[in-house]
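Each chain, letter by letter, is given below.
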Amino acid sequence: MSQQTHAAATQLPWQERLRATPPTRIVVRIAIAALALFVVLWVLVFADEALVKEPRIFFRVLLLGLTLAGLFFVVASGFTLIFGLMRVVNMAHGSLYLLGGYFAFDLQQRLGGGSSVSTLGFSSAETSFWDWFLPLIAASFAVGVIGLVMQQLFLRWNQGQELRQALITIAISVILADQMLAHYGGLAEELKAPTSWPTSVNVGVDFGFFRLVVLASAIAIGIGLFLGIHRTRVGMIVRAGVDDRAMVSALGINIQLVFAGAFFAGSFLAGFGGVLGGTMISLDKGNDTAFLLNSLIVVIIGGMGSLGGAAIGALALGLVDAFSDIYLPAQWSNYSILLTFVLLIAVLAVRPLGLFGRPA
Amino acid sequence: MRLERPQLLRLGVAAGVLLILFLAPLIFTNYQYGVLGTKILWLGIVAASLIFLAGYGGMVSLAQTALFGIAGFVVANLVVFTGWSEWPAVAVGILIATTVGLLFGLIANRSVGIYFLMITLAFAVIVFYFFGQVTKFSGFGGVNNVSAPDLIGNPRQDPAPLYYAALIVSLLVYFGIRYLVRTPFGLALQGVRDEPTRMRALGYNVHLHRTLAFGVGAFIASLAGVLSVWYNSQISPGSIDVSRTIDVLVIAVVGGLFRLEGAWIGALVFTVLDDQLRGETTRFNTVIGIVFLVIVLLSPGGLVGILGRVTEGVRRITRTRSGGSGEPPQAALEEP
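Protein sequences appear in the order of chains Y and R.
For what it's worth, our numbering labels the leading residue of the first sequence as 69, then goes sequentially.
For what it's worth, our numbering labels the leading residue of the second sequence as 7, then goes sequentially.
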């Protein structure tokens, strides 16, 4: 029996066979291939002795990649949540990210009581935990509300017209980007982490403490979303809504309410990511584009609408980003963006809908 | 052959428009208008490449600016740094951009609708970062002092030759696309747009048609890329960043995403708005974003769609009937 199916399988063209293979196995294969390629390249090309012979640097870069992946995941999970349920590609997601960061920045300055935050005096201002945490929550909430308003005003009555909705969100992102430039200028700003937190901790190597906070929040959000979607009644409705909207509303569930909730949550996550990113890296005028791109790549790799896919995609993107920055030889490091492109091609060539993507 | 009244009317309008276009440098002797006219034409060509893909192939591509930029950067690099003469550089630039376009098409051809939009946007941003990072080809300063061939001369001194070049290329693109969509390839492409499954069942290679169409789109965009480099005498990553990409999308949507003429009409509206508003307000992008939003919300067919509706209304009143025009359907934005 098993031999028969095996024989049948070998007769299928390779695309068919591939489609018949479960995604998990493909993930494993790609991971192995990527790892193998990486090791080969490392040995052949990266002959920089100091880097190769220092495992601590490797560990550090690994942590950098993981924390970056955490940030990408927080932002992209909101994107994929909205898409998965409503088939809305929110092209304004990057703008919401940046907006969240800027809101928090404003609020932090107000809370700081006019202390010299903007002049970047390192020790002049104390930032208490609440000076950071309150802006985080308030800004994320505000961005969530903005997303909700956007959905109710513009997207709700265009449901099912995917392209039109995408164009609407593009228009909104243009307006938001220009308004943010008007209000916050083109200079990079930085949110301050609580001063009571250490700058760096020793986890084998000295590593930025806040980056670890980001990683931890990403993991917490990931687990929370997973449990929320798979273990609660609301999550059950959301999952049912992904599969068959009409049936869910026929069962007497107010699907519009669920949509509104999902849009709020997705935007909330974008704003939350913006505050984390603004503290971990900085806030700058190009960030909306950058994080829209990151979210797009993460979900294109992982598969639109899949939470697990977003996690895998974020990991892939974060690690490629971090490792290519450090480990590419100097004369090649300018080309690191091509590695992201190669990653995208590699996945799309094998799985046009992403690793965990399912046809609509 | 006897022409019916609507056809005569259309011919008359076309002849009038052509006449105005060819005499424009003589009418608008103001230097600034001459320059603006050229910009409208090459922006229209980029938008036309997008409208060709969207209207006839069902692929709304955001990668057109990137392909446009690749052609521009190749030409600029070859002329300025390698010292090639202009025409071979143009040929190589267009060739490379078209090849890259085919490669993009090869990767993205299995995706449709918003997936396609997202993947091409990712391409566009990657190309932008590529030219921003790779100092060998550009870096953030871009490539400056790119000279145009003798035939064009220096557009800063005399904009007319470049204007005519852009006009001729625009006309070639316009009529070329109109011809192409009537060939068996073009008809099959429209079949692929509407019913990919049936086309596959009929034995057509759906992916191949999409890829080739994307290559054609890349070719058209690269023509505009070359013109824009001559026009600006420089190119930088700023010429192909996301806001430029969105500008082209705005032009196409404002003009009417599914009508070829819309490309140049949208470019006209955009450029004139740009020119008039930049002096008045520093928040030009907000204005353009709001215009874009209103158009998308109210009229999926863009300005050409509004014009079409008006003429349709007039026609209904005067009860003149005309035959099918062979244009792509208006439904368009309301896709499955």
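The reader is advised that the hints may include incorrect statements.
One side of the interface only, derived from the structure: several residues of chain Y facing chain R at Cβ under 7 Å [said to hold, decoys possible]:
1) MET248
2) THR357
3) LEU361
Quick caveat, the hints were computed from the structure, so don't treat them as lab data.
C-beta atoms are modelled at their ideal positions from N, C-alpha and C, and glycine is treated no differently.
Kindly indicate which numbered hints from before are broken by the structure, ordering the numbers from low to high.
1
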